[in-house]
Every structure is written in C-alpha cells, then in structure tokens.
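Chemist: Just so you know, the sequences run in chain order X and H. Mapping the first sequence onto the working numbering, position 349 (from 1) lands on 349, and the numbers just tick up by one. In the working numbering, each residue carries its 1-based index in the second sequence increased by 1000.
A few of these clues could be false.
Said to hold, decoys possible - Calculated cross-link-like contacts (lysine-lysine; reagent style BS3-like; alpha-carbon spacing at most 30 angstroms):
#1 H:1102 x X:7
#2 X:375 x H:1102
#3 X:408 x X:373
#4 X:357 x X:125
#5 X:486 x X:416
#6 X:357 x X:447
#7 H:1102 x X:141
#8 H:1023 x X:227
#9 X:486 x X:447
#10 H:1023 x X:231
#11 X:357 x X:478
#12 X:478 x X:423
#13 X:416 x X:399
#14 H:1102 x X:231
#15 X:487 x H:1102
#16 X:478 x X:451
#17 X:95 x H:1023
#18 X:95 x H:1102
Rather than coming from a laboratory, the hints here were simulated on the basis of the structure.
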Amino acid sequence: MTSAPVKTQYEAVIGLETHCQLSTETKIFSSSSTTFGAEPNTNIDPVCMGLPGTLPVLNQKVLEYAVKAGLALHCQIAPYSKFDRKQYFYPDLPKNYQISQYDLPIAEHGWLEIELGGEDGAAVKKRIGITRLHMEEDAGKLVHAGSDRLSGSAYSLVDYNRAGIPLIEIVSEPDLRSGVEAAEYARELRRIVRYLGVSDGNMQEGSLRCDVNISVRPVGTEKFGTKVEIKNMNSFNAIERAINHEIERQIHALETGERIVQETRLWEEGSQRTISMRVKEGSSDYRYFPEPDLGPIEVSPEQLHAWHAELPELPAQKRRRYEQELGLSAYDARVLTDDRAISEYFETAIATGAPAKPVANWVMGDISGYLNKQKLGITDIGFSAANLAKVVLLIEEGKISGKQAKDKFAELLEGKSPDDLFKGEEKLSDLAVLEPIIDQVIADNPKELEKYRAGRNNLLGFFVGQVMKQTGGRADPKLTNQLLTKKLNA
Amino acid sequence: MPVKLYLSTYAYQTMIDQEQVRKVAHLARLELTPAEEVQFTTQLNDILDYFQQLSELETDTVEPTTRAIDVSNVTRRDQREPFDDREELLEAAPDREGEFFKVPQIMGGE
C-alpha cells in the first residue's frame, strides 16, 4: 500500500480598495448637483470639465465626511494633507488628470472589526487594518456606440455627470484570507458609512465599488505570491464568489506549473468566472505631482474634536453593547444593528421598559419579514416603537397572548393603538367570571367528566377547549388549566 | 512639512537622455521623429540646467513646500449653483452627438 502524497495547503492574501461616493449636494470641487440618474451632461460645469481659467475649490462637506469616515475607522487624521494630480489618458477624464491624494492622504493607519459566524456557532471577531483613506474625484461615464464591447466601438459617447463626484478611497491591509471575510469587510464598511450618513453605500448605483487584490501562497510561507486585481463586482455575494473563484484559479495555476501574471481581471457575473482584462499600456506611471490649484488642508485639533463628538455609536460598538448589556446573542445583535434605523427603532422600544429579547424577536421576525416583503424601511410603517413596546408589555404582563397580538398585526402596522385594539380583549383571569363558566362547562358535559374521572386524563384538553370557546379565546390558559384540574379531580 | 518638491528631483540630475525623452513623449502620447528626439533631449537639458541654478541656494534651513502662497483650508459651502449654459459646454468640445460628448475609438480592434 502506498500513502497519498501530502497535498500542499494554500492560503489567500487579500486586500480591498473601496471607492465610496459621499452623499453631498454638490461635486467635490464645483457647485454642480450630484443627483444620480440625471439626463446626460446636465450636472456639468466649467470646473469639472477642466476648462481653461477655472479653479477648483474644495467642498467643506467632503472634508468633514472624509475625516469622520477616517475617525470611524480608527485612523490617524493627517495634520497636514494635500491634493495631487494623477495623470492618465482616458476620455472619462475631462482634464486628463484626476485630482486625488498621493503621499499625504487625509487619514491613515486605521482598522475595522468584522464579525463572522453563524446563527448557532460562536461569533469570531477579526480586526482588519486600514492602510489609508483619501479624497478624490470620480470620472465620467463612457457609453460605447455600436457595440457593447469596448474594442468593437467605432467611437464612444461620454456623460460627465459623474465627473467630479466626491469619493473616498479606502485601502485595506492585506489582512483578509477568504471570500467570506472580504465580503464581510465590505459589508461592515458600508454599515459604517451609512451609520455616519456620509454615503448611501448603494452598490447598484455605484456608490460603493470594491476592487480586490489577491494572491495565494503555501501556508507557512512569508513571501506573497503574484498579485492579481479583480474588478467589476456589484454585490457582496459577487465579491465572495469572485474571490473564491480566483483562489481556485490561482491554486490550480500553481499546481500545474502555470505562471500567474500580475494583471487586472474582470468578474463575469454571467459565467461566474474572472477573465483577463487588457492592460492599459504605461498606465502604471501616473506622474503624480501636487495639485497647484488647491491649497493644503490642515485640520485643527478643535475641528477634529468637534467632528469626533458628532460621531454616532457605530455598528461594532452597538453589537458589543447589545450582547453585553442587553444579553442578546451575537446573532441577534448583528441582525439588529445591520441597519441604523432598525437599531434605533429597537432602542426606542426598549427604552420604555419593554424587555429586549421579545422586542428583538418582533423586530427581527414579523416586522422585518413585512418590511423585506414590501420593500419598505422601518420608518415607512405606522407601527411605532412605542406601540411595539406596549404590545410586548401587554404580553409579558399576561394580559394578552402572543397569538392575540399576532392576529392584530395588520392593524398594528396601520398604526392603530394597542390600547384600543386590545380593549376588552385582555385575558380573562378574573375568578368571579371564570369560575362560573368552568362550572357550567363541567355541568354540560357529564359523559366526558365520567370518562376523565375513570382515568382519561387527556380529556383535560377537551375541557380547556370548551372554556376557550365559551370565552372567545380570552380565558387565561394557565389559570383555566389550574381551575379545571382542581374541579375535575374534586 | 515633509513635502518633496518634485522638480528638484529632476534638477539634481545632470542629464536627461534620449531614452527618457522617448518615455516622456510616450506618456504624453506624442509621436516624435528621431530628429525631434535629439532636439528635445538638448532643449530639455537646457531647461534642467537653467533650473540647476537654484541648487546654488542654501536651502538646508528652509522647509520644503509645494506652493508659494501660504494659505490652507480654502473650502466652499456644499450649496448647489448649477451652471446654466450646458449647450456652451457641449459646443466647446471638438465633437458631440446630441447630449453626449463624442470621442474617437478608445482601443483598436482585436
């Protein structure tokens, strides 16, 4: 017998470059609108078009949002920062250079924490380093006439509405090891910018775009393998699948002695694979130099302090608090904090004294189910957090059953008050009312009583059912059981 | 501030050779004849020599800077002021098609 050869184990080394559009009213260096989906070339002006004699001026909101994002990512904010010109020739760029930041980005050396793990398994936390965060302008959009493919077009049409839209580029350290980790990193980044209100993080509209750098190496080696860049993923799932595919492809190449080329590859959603993209010749030499039209940025300690004070509680902090102070599971904490509005709804409800777990169950169960089905946000429904708290308290105090509450869910969603909805519906636990009803039920069913007393204990259910019928389901089940058992055995 | 003045890196080089001129021309998408390459190598070296005079100055105690005017934090309010002559911008371009700017084919065929 021969033993199987020991297979080399590989690990992936992954870093992400994320471009995130800031939710400002106007462009980064000019006063044109940033509205998505406008008619082509309506949001343009001489500055973003780079016409002679114009001067860019930095939008103060862009600086504020970039600094807040940097602070939320635990970065050091540069006391002195500047803009640079990145030169390349491509018609999506009206000036033939992009205003970006090169050697003195606004923020550096940060981290964010991702949390992985299933519903039953324990959550695993991992800290992912942030190399840098810088401000830059977006480019325009090319529409290729005559063909879907770039190379088949006779000419291209350009829409510069997007040129000059403010972006932050966030570069991670190569700390990610799998598609799942990378997708979760991107999700956490989106949660953070959404919590901050600095970006809508909409991937379909291109507000959040992730490029992946990935290489593989045998486990235990220090040296990085040849790095490949993947672009064109427009969902978190696509990021995960593209990385998983690319890891497979690179390991296969290594094992068959094929050379891995340093290149940019595109994720093809249709075929679920990455394909090699034509390399832009000489594109690596961007000849950065300081942007002479824009002065440097020096964020004062006072300003920094003021912006820091405006930061909301961030998702990772909330998750920790929900687990440690409210006693919720890691899973519940993660689901409730995914969306800031949902977490605020939940917190408003428990602030009135309603217990956390039942409120969490309502929010994550029926309410979220309804919102997802109807594609609504938590603020779109009439069921207020205060009303949810009332319903949960009525159930907890034993005044109504969970079933009664669920039966009125539609009315609750419309905004009807639990006080009105459940008036006269409270559980019947008044002995003076309940006892005569029970006595009557027993008196009306002598045969069943006889059988019960002869040992057919399961007939208790029959009597409970009769009492429920007589009371329209309002009889307190616990009390009914107690009274019936006592009287039947008397 | 730790800002490097980019021109100075060139100024310290005594010579730019024809190979570098070719590279710069390529980056600028300029097609030069061999005669022009020679001509520009000479001219660029003359310019660099001229800048070289700056290195005679004692700058050890001077903070490097990227600019002559000492202002920072020039920003504007995030307030819309749409440009009202879109037509003029479209007309100013070499070519257009309707509401789009029109540019030549970007890459050659396969």
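Chemist: Look at each hint and say if it fits the structure.
Modeler: Taking the hints in turn, this is what the structure says about them:
A hinted pair counts as satisfied when its Cα atoms are at most 30 angstroms apart, and residue 1102 of chain H with residue 7 of chain X does not qualify at roughly 55 angstroms. Using a Cα cut-off of 30 angstroms, the hinted pair residue 375 of chain X and residue 1102 of chain H is violated, with the two alpha carbons roughly 39 angstroms apart. Restraint check: the Cα-Cα separation between residue 408 of chain X and residue 373 of chain X comes to about 18 angstroms, which is no more than 30 angstroms; the hinted pair holds. Restraint check: the Cα-Cα separation between residue 357 of chain X and residue 125 of chain X comes to about 23 angstroms, which is no more than 30 angstroms; the hinted pair holds.
For the hint linking residue 486 of chain X to residue 416 of chain X, the alpha-carbon distance of about 40 angstroms lies beyond 30 angstroms, and the restraint is violated. Taking the CA atoms of residue 357 of chain X and residue 447 of chain X, the gap is about 45 angstroms. The hint is violated against a cut of 30 angstroms. A threshold of 30 angstroms between alpha carbons decides the hint, and for residue 1102 of chain H with residue 141 of chain X the separation of about 12 angstroms falls inside it, so the pair holds. Distance check on the hinted pair: residue 1023 of chain H and residue 227 of chain X sit about 26 angstroms apart at the alpha-carbon level, within 30 angstroms; holds.
Distance hint between residue 486 of chain X and residue 447 of chain X is fulfilled; the C-alpha atoms sit about 18 angstroms from each other, no more than 30 angstroms. For the given pair, residue 1023 of chain H sits about 28 angstroms from residue 231 of chain X by alpha-carbon distance, which is consistent with the 30 angstroms threshold. Taken as a hint, the residue 357 of chain X and residue 478 of chain X pair is honoured in the structure, with Cα atoms around 22 angstroms apart against an allowance of 30 angstroms. For the suggested pair residue 478 of chain X and residue 423 of chain X, the alpha carbons sit about 21 angstroms apart, so the restraint of at most 30 angstroms is met.
The straight-line distance between the Cα atoms of residue 416 of chain X and residue 399 of chain X is roughly 18 angstroms, inside the 30 angstroms bound, and the hint therefore holds. A hinted pair counts as satisfied when its Cα atoms are at most 30 angstroms apart, and residue 1102 of chain H with residue 231 of chain X qualifies at roughly 26 angstroms. Restraint check: the Cα-Cα separation between residue 487 of chain X and residue 1102 of chain H comes to about 91 angstroms, which exceeds 30 angstroms; the hinted pair is violated. For the given pair, residue 478 of chain X sits about 23 angstroms from residue 451 of chain X by alpha-carbon distance, which is consistent with the 30 angstroms threshold.
Only pairs whose Cα atoms come within 30 angstroms are accepted, and residue 95 of chain X paired with residue 1023 of chain H is accepted, the gap being roughly 21 angstroms. At roughly 15 angstroms between alpha-carbon atoms, residue 95 of chain X and residue 1102 of chain H fall within 30 angstroms of each other, so this suggested pair holds.
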